[in-house]
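A.B. asks: Listed below are the residues making up each chain.
2 protein chains.
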Amino acid sequence: MRGGKGSNKKITMKDIAELAGVTKTTISRYFNGGYIKKETKEKIAKIIKKYNYEPNTFARLNAKQSRMIGIIVPALDSIVGSRVLTGLERTFREKHYMPIIMNTNHESVLELKYIEKLKRLNVDGIVLSATEITDEHRKLLKKLDIPIVIYGQEYSDGISIVNDDYNAGVEIGEYIGRKKHKNVGFIAVDEKDVAIGVTRRNGVLDGLSHYKIMDVSIAIADFSYESAMVATKELLKYKKLDAIICSTDRQAHGVYKVIKERGLKMPEDVSVISFGGYEIDEIIEPRLSTIKFDSLNAGICAANTLIDLINKVEVRNVLYINYEFIEGESVR
Amino acid sequence: MRGGKGSNKKITMKDIAELAGVTKTTISRYFNGGYIKKETKEKIAKIIKKYNYEPNTFARLNAKQSRMIGIIVPALDSIVGSRVLTGLERTFREKHYMPIIMNTNHESVLELKYIEKLKRLNVDGIVLSATEITDEHRKLLKKLDIPIVIYGQEYSDGISIVNDDYNAGVEIGEYIGRKKHKNVGFIAVDEKDVAIGVTRRNGVLDGLSHYKIMDVSIAIADFSYESAMVATKELLKYKKLDAIICSTDRQAHGVYKVIKERGLKMPEDVSVISFGGYEIDEIIEPRLSTIKFDSLNAGICAANTLIDLINKVEVRNVLYINYEFIEGESVR
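These protein sequence lines map, in sequence, to chains Y and L. Residue numbering for the first sequence is 1 to 332, as defined by the UniProt record's numbering. Residue numbering for the second sequence is 1 to 332, as defined by the UniProt record's numbering.
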């Protein structure tokens with residue numbers, strides 16, 4: 001260690017390492033948010049404070065943190081998805097990370113490919129907005145050596161952030177039951193999407209069953225407007241329905257289109273209810289009753305969780321995102 | 001230069017450089033779509049043609065093709081923007097490129113930062129959906145040595161793909177004039193956005209002037225629903241308006257909200273018209289009259305143009321995207 005003029009002399013990382021009795025690598029880890037034992041951390045912090053040490057830019061550049069974050073999403077035209085993305089991006093940028101986004105277009109194989117690619121691009125961590133968790137996902141995620149947060153699907157072997165789909169579903173189902181509907185149709189999505197296709201759907205069906213509505217007509221659609229129109233026509237083919245529950249607001253808009261085309265009245269002839277809470281729901285007629293998840297906050301939480309993981313801070317395994325029920329005029 | 005057997009002999013990149021009197025780097029830039037003076041370019045092209053030069057696969061592989069494409073967008077919650085992105089992404093994926101997306105959240109400084117970053121990530125080319133073209137943009141773009149296509153703003157020194165905003169604006173302005181409106185309000189966006197804030201606006205105002213409507217009340221908003229609501233209230237404060245023209249459908253939805261809140265009738269009290277053509281426009285009441293640009297196709301064209309640039313195929317400097325007028329029931 002170089003001699004000095006007391007506590008104001010300029011010291012180097014090497015000096016700090018010597019003073020703390022650790023290696024230079026440990027000091028480097030300290031500055032780049034890597035894992036260090038708590039007591040070592042405190043010792044280093046004390047020395048830095050005492051000597052007023054400021055790491056120079058070169059040392060920071062030298063570190064392996066790329067400050068890049070990978071975000072993998074299933075779609076870029078989803079209103080809820082873009083709220084989550086907004087929360088994610090804003091948070092990462094505020095904390096000086098640069099997010100790069102890859103879109104899988106709902107192809108779950110691409111999720112795996114993109115995770116590998118992002119790893120090679122040397123991102124500090126990944127947020128995966130997953131459409132499904134396959135065995136291949138589990139295999140890849142297990143051996144992945146950078147932090148990852150799964151959004152949208154529960155992932156028992158890692159960290160995930162999910163909507164409270166079951167309880168939201170129950171609330172919708174019970175609301176429709178309480179309002180004395182009998183012949184209920186439901187536009188569901190494929191079960192591979194566990195969160196929406198299974199958990200949300202089960203919630204809805206359980207909620208309805210609390211009001212003895214057991215015989216629900218179900219049609220499967222994807223997340224598009226057009227596909228919901230097809231599903232609605234299918235549902236209306238067999239039975240007069242007095243309510244249609246949709247898995248997403250975009251589906252509900254497809255239902256509106258078909259119902260209006262047929263000259264049916266909402267909610268007098270058919271009630272419609274959904275999950276989403278788009279801003280447009282306020283100006284369509286009748287105003288759509290819907291469940292709105294706090295998706296902006298979900299994005300913020302997912303980003304903060306990933307940053308915590310990068311910095312070795314402990315996080316919860318699963319975080320459930322809250323929702324609010326927005327009562328419109330689409331249910332009689 | 002090696003001796004040869006006339007114009008069919010095999011020459012190397014080094015030979016071409018010597019013949020053209022430039023450095024090997026310039027030749028490399030030529031093959032990788034970087035900026036070269038026009039006359040140098042022509043000289044190189046001539047030599048290549050004369051000697052039938054084909055860059056070999058090894059050189060190509062060795063050259064920096066990463067099969068990654070960077071896409072820089074100003075927002076991820078724009079409906080039109082997501083149509084363009086869908087077209088871009090689909091095309092790149094079909095042609096075995098891997099697109100990575102960066103969102104600037106309308107901060108044009110980030111556009112520059114992200115271009116530099118993408119270059120360092122070694123992408124084969126960039127599509128920039130630009131909010132504005134500043135002097136810094138021009139400076140950076142000029143020295144950029146990978147192909148770039150600008151979407152959404154005209155860029156005279158390079159390749160751009162833009163909506164035919166002027167003519168679309170004229171069509172809207174004339175339509176409102178033809179329908180005998182007198183007191184017209186217009187929700188514009190900042191002039192920094194030349195395509196929408198200047199070209200589209202000028203088209204609208206010129207179209208109106210063809211019907212002697214010169215005194216148009218103008219309020220400035222951004223692209224959000226909330227900001228359009230504020231602008232509408234401002235417009236309605238001073239004058240009874242019989243028509244409000246919006247720069248985008250999202251703004252029109254904000255106008256609808258305010259008009260409905262005030263108990264005014266559309267189109268009897270106020271006509272509303274806009275640019276966008278969102279699918280939701282079909283189910284709001286009254287159905288919104290709007291101009292729909294062929295944005296999916298714009299994305300496809302932009303992707304194909306970039307791929308052509310990467311492969312040294314000649315492309316047009318500016319490509320204008322067509323539109324269709326969708327007549328709803330929001331104009332009396």
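Some hints here could point you the wrong way.
Copies of the same chain are indistinguishable here, so a pair counts whether it falls within one copy or spans any two.
Straight-line Cα separation of at most 25 Å, BS3-like style, residue types lysine-lysine; simulated pairs [stated by the list, open to error]:
| hint | residue 1 | residue 2 |
| --- | --- | --- |
| 1 | Lys95 | Lys113 |
| 2 | Lys143 | Lys180 |
| 3 | Lys49 | Lys180 |
| 4 | Lys257 | Lys292 |
| 5 | Lys237 | Lys41 |
| 6 | Lys292 | Lys139 |
| 7 | Lys95 | Lys117 |
| 8 | Lys113 | Lys257 |
| 9 | Lys113 | Lys239 |
| 10 | Lys237 | Lys49 |
| 11 | Lys24 | Lys312 |
| 12 | Lys179 | Lys233 |
| 13 | Lys119 | Lys95 |
| 14 | Lys43 | Lys265 |
| 15 | Lys233 | Lys312 |
FYI, nobody ran anything at the bench for these hints, they're computed from the structure.
A.B. asks: Could you run down the list of hints and mark each one as holding or not?
C.D. replies: Outcome of the hint check:
no., hint, result
1, Lys95 - Lys113, "between (27 Å within a copy, 16 Å between copies)"
2, Lys143 - Lys180, "neither (51 Å within a copy, 68 Å between copies)"
3, Lys49 - Lys180, "neither (61 Å within a copy, 74 Å between copies)"
4, Lys257 - Lys292, "both (21 Å within a copy, 19 Å between copies)"
5, Lys237 - Lys41, "neither (58 Å within a copy, 61 Å between copies)"
6, Lys292 - Lys139, "neither (33 Å within a copy, 45 Å between copies)"
7, Lys95 - Lys117, "both (23 Å within a copy, 18 Å between copies)"
8, Lys113 - Lys257, "neither (38 Å within a copy, 43 Å between copies)"
9, Lys113 - Lys239, "neither (44 Å within a copy, 58 Å between copies)"
10, Lys237 - Lys49, "neither (67 Å within a copy, 59 Å between copies)"
11, Lys24 - Lys312, "within (17 Å within a copy, 48 Å between copies)"
12, Lys179 - Lys233, "within (24 Å within a copy, 37 Å between copies)"
13, Lys119 - Lys95, "both (20 Å within a copy, 23 Å between copies)"
14, Lys43 - Lys265, "neither (66 Å within a copy, 71 Å between copies)"
15, Lys233 - Lys312, "neither (52 Å within a copy, 49 Å between copies)"
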